[in-house]
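Novice: Following the hints, put chains B and C in place on chain A, whose structure we already have.
Residue numbers (the numbering used here), protein chains in the order written: chain A, 1 to 298; chain B, 299 to 666; chain C, 667 to 910.
Calculated directly from the structure, the hints in this document are not laboratory data. Given the structure is predicted, the values throughout are model-derived calculations rather than measurements. Take these hints with a grain of salt, some might be off.
Restricting the straight-line Cα-Cα distance to at most 27 angstroms, the calculated cross-link-like pairs of lysine-lysine (BS3-like) are [to be verified]:
id	chain 1	residue 1	chain 2	residue 2
1	B	Lys662	A	Lys71
2	B	Lys376	B	Lys388
3	B	Lys662	A	Lys68
If the Cβ cut is set under 8 angstroms, some of the chain C residues that face chain A in the computed set are [unchecked claim]:
id	residue
4	Gly708
5	Thr712
6	Leu806
7	Asp835
8	Ile837
9	Arg840
Here a beta-carbon is modelled for each residue, glycine too, at the ideal position from N, C-alpha and C.
Here are the chains, one letter per residue:
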Amino acid sequence: MSIKVKNISKSYQQLVAVDNVSFDIDQGELFGLIGPDGAGKTTLFRILTTLLLPDQGVASVLNLDVVKEYKGIRSSVGYMPGKFSLYQDLTVEENLNFFATIFGTTLTENYDLIKDIYIQIEPFKNRRAGALSGGMKQKLALCCALIHAPKVLFLDEPTTGVDPVSRKEFWQMLRRLKEKGITILVSTPYMDEAALCDRIALIQKGRILKIDSPKAIISDYDKIIYDVTSNKTHELILDLKKYPSQYSVFAFGEYIHYIDQNPNFNPEDLRLYLKHKRHSEILIEVARTTIEDVFMDL
Amino acid sequence: MKRFIGFIKKEFYHIFRDKRSMVILFGMPIVQIMLFGFAITNEINNVDIAILDKSKDSETQKIIAKISASNYFNIENKISNEKEIESIFKQGKVKAILVFEKDFIKNLQISSNAKVQVLTDATEPNTASTITTYINAILQNYQQDYNKIQGDNYQIQTQTRLYYNPELKSVFTFVPGVMTVILMLVSAMMTSISITREKELGTMEVLLVSPIKPFQVILGKVFPYIFLSVINAIVILTLGYFIFKMPINGSLFLLAVETVLFIVTALSLGILISTLAQSQQTAMMISLMGLMLPVIILSGFIFPINSMPLPMQVISNIIPAKWFIIILKAILLKGVGIDYIWKETLILIGMSFLFIAVSIKKYKIRLE
Amino acid sequence: MNQEKIIQVRNLTKQFGNFIAVNDISFEVKKGEIFGFLGANGAGKTTVMKMLIGISKPSIGEAIVAGFNVNTQAEQVKKNIGYMSQKFSLYDDLTVKENITFFGGIYGLSRDEIKRKTTILLEELVLEEVSNHLVGSLPLGWKQKLSFSVALLHEPKIIFLDEPTGGVDPITRRQFWELIYAESHKGTTIFVTTHYMDEAEYCDRVSIMVEGKIEALDSPKKLKEYYQVDSMNDVFLKLARNIE
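Pulled out of the complex, with its shape left as it was, chain A reads as follows (with noise of 0.2 angstroms):
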């Protein structure tokens, strides 16, 4: 068991940022912590980490206690928190050189670990960090947390505001370190990179709503969801929501999920519904359901 956490809550004044919080993650697993901002992955990704103490409740990394043994963990755990934490006037090469000697390492020493991802940013190591993309500064905060071979990486959401091409790019990355062997904790707030993790804790307003593999999470989904559009998608939305048994009704990219409260619910009455709406071009099917589904019904 990498990581283990019980009952941890933490209050800030009022707030309460996580509430009474618990999972497990075994070595190598790829987990992860789904939820909008606020939800509380940083603050519980800070008790993790023991920059924070937790008000309530145990937690453990590599079965060191995070209140009690936070100097064990601190030296055996890479840590990449929220915003670009590196620093922006020291170049690529000068980051890595600094990280690697307060953790007494070099950069030679464990180069096969970071080699896949530091190849694509050898080009630019003269370069500021500063001054490198959202791509590439984030591809230099991973070689930055696994300079010193950690066998845990907390992410705290490495891919929010890069484009699709380095997230995905960077998804692949953290795929290959786990079969390495490195258990990963990721938070990130974009539903689709839910489905490439092992299992993940779907979180908000500090409390775990489900922990499962994302298969399983869709797989439970009772409910049926239709992909619905219209030659008026504005217009559908309202109308959507104007018929009786409707249960939600959301805008999911090109389509509207929507859902009925009937199990026994006929898409055939609600075509006619909108054609009576004056709606053409009308198209009802089956949805496929995604984890932003289930997390929206939760």
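Specialist: What follows is chains B and C alone, placed relative to chain A:
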């Protein structure tokens, strides 16, 4: 116009709702007025002087008693010969020495030529002038009384001698003062924003989750600035020497060592502020307001410490700048060696250790 | 939909020293459109937006926004547009009402108008209960909706939204887009940047910027057909690959 007024309204809301700006707006002026009111004085009080009485007759005794009775002077020492004059000045124990020549009464009555020498330590030129004036006043007073009784017109001749700064050049107090203030402010400010900057940028988080220890971070931040401050010091001294003709009577080596010591003290103070302040703005604010005014007013740079009310004098002791100015003046103007300034040096060393130790202790190992 | 052009950009270029942030772009936005402006961070989106809202001067080229030339009539441009950015919108230490009053004043509305709009706004957004609460105490979603409405107080023809839904939970994001739809329906043009690719689908047309140039501009549907993919995310990926 409407927009403008709407904007002003909003600004008022901001000011009144921000506790910090309220403190600065109202708190600071009050503090300043208090400090200025008490500390600025051209008068002198309780100045330590020494007496060399070569006559030791009834009249000199009367004069000495009169001087002693006044609030202005405190007779710290009675020396017995001229050789002690230099050393007592170098030690900084007194600011003036009154020398009564031999056969005072005889000279007074017969040749109307009783001589009194007023020797002052003119490294504080303002004080020196004032001392001279006051002593002259007392002597004149005595003279008047004596003449009333005697019914005659006898004269006391006073001869003034200004030690170490015969031209009463304020520059000689100015350059050490400025150097101290600049070194103190710049060193303290530079380091005070150093740690807070890491906190603000978020790199502190990453540093914390690593094996590096607090004392390594703190000392690591002090070291580079030592270098820069030394350059600053050299520039000021050079300017003082070549442009203001400031003498450097003592040993250059000692000067260098003491300067580095003071720089370390100032830098450690800056680091201490840095570990306590939450943001760079706060850190700068504390450095500027919390250090600048006390340094300028209470270090003895402009206003003599002896003339301040007792509580202020006590407070002035915790200001590193005060001790360094004494050291600087002693080396530059009086040309003394370490034997005269070991006390001040030890104090600075002690302060440095204290600041660094507290910084290490207060260094937050967690984020809240 | 009205074919009137609310934004016309021709050969717009912005250079910072040797670095060309925006490289000779040209495009048009029709009145009433929801126009999505996509691209990675650093691709030049923010720079373009700054030029269009009149706070940055183009190095070369021109843009006409709401009928005014950004080169020569920047002040007029600012008066006739609405702007909402993720980083700054409202003052946290002023109440909801005070913010509305303040911005109303800035936009030149009369006191009566401000009063009238305040009532409508509070009602529409269901914020009557918190009208005297400090904005800083509101949840992020409410702040954003308020921000959006405040940016529209002076009923501009076009509103620029700079990544308005960053970090917000999925439900609030969609509620925000419903506000955008409603506004667009009234005829206001919406110019929005985002890096949520699914939000790109809500737009009438999108453009994708890569390294200072516009590499794609069309409706989401047509872009997906062209690249033979199912989602805007994949459009982006394919586009990036083609450029390499």
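Novice: Hints first: check each against the structure and report whether it holds.
Specialist: Results for each hint:
1. Distance hint between Lys662 (chain B) and Lys71 (chain A) is fulfilled; the C-alpha atoms sit about 14 angstroms from each other, no more than 27 angstroms.
2. At roughly 16 angstroms between alpha-carbon atoms, Lys376 (chain B) and Lys388 (chain B) fall within 27 angstroms of each other, so this suggested pair holds.
3. For the given pair, Lys662 (chain B) sits about 16 angstroms from Lys68 (chain A) by alpha-carbon distance, which is consistent with the 27 angstroms threshold.
4. Annotation: interface hint on Gly708 (chain C) holds; nearest CB of chain A at approximately 4 angstroms, less than 8 angstroms.
5. Taken as an interface hint, Thr712 (chain C) does not check out: its beta carbon lies about 12 angstroms from the nearest beta carbon of chain A, beyond 8 angstroms.
6. With its C-beta approaching chain A no nearer than about 6 angstroms, Leu806 (chain C) sits inside the 8 angstroms limit, and its interface hint holds.
7. Nearest Cβ of chain A to the Cβ of Asp835 (chain C): about 3 angstroms, under the 8 angstroms cut. The hint holds.
8. The criterion of a C-beta within 8 angstroms of any C-beta in chain A is met by Ile837 (chain C), whose closest approach is roughly 5 angstroms, and the hint holds.
9. For Arg840 (chain C), the shortest C-beta to C-beta distance to chain A is roughly 5 angstroms, which falls under 8 angstroms, so the interface hint holds.
This entry does not satisfy hint 5, going by the numbered hints stated previously; all others are met.
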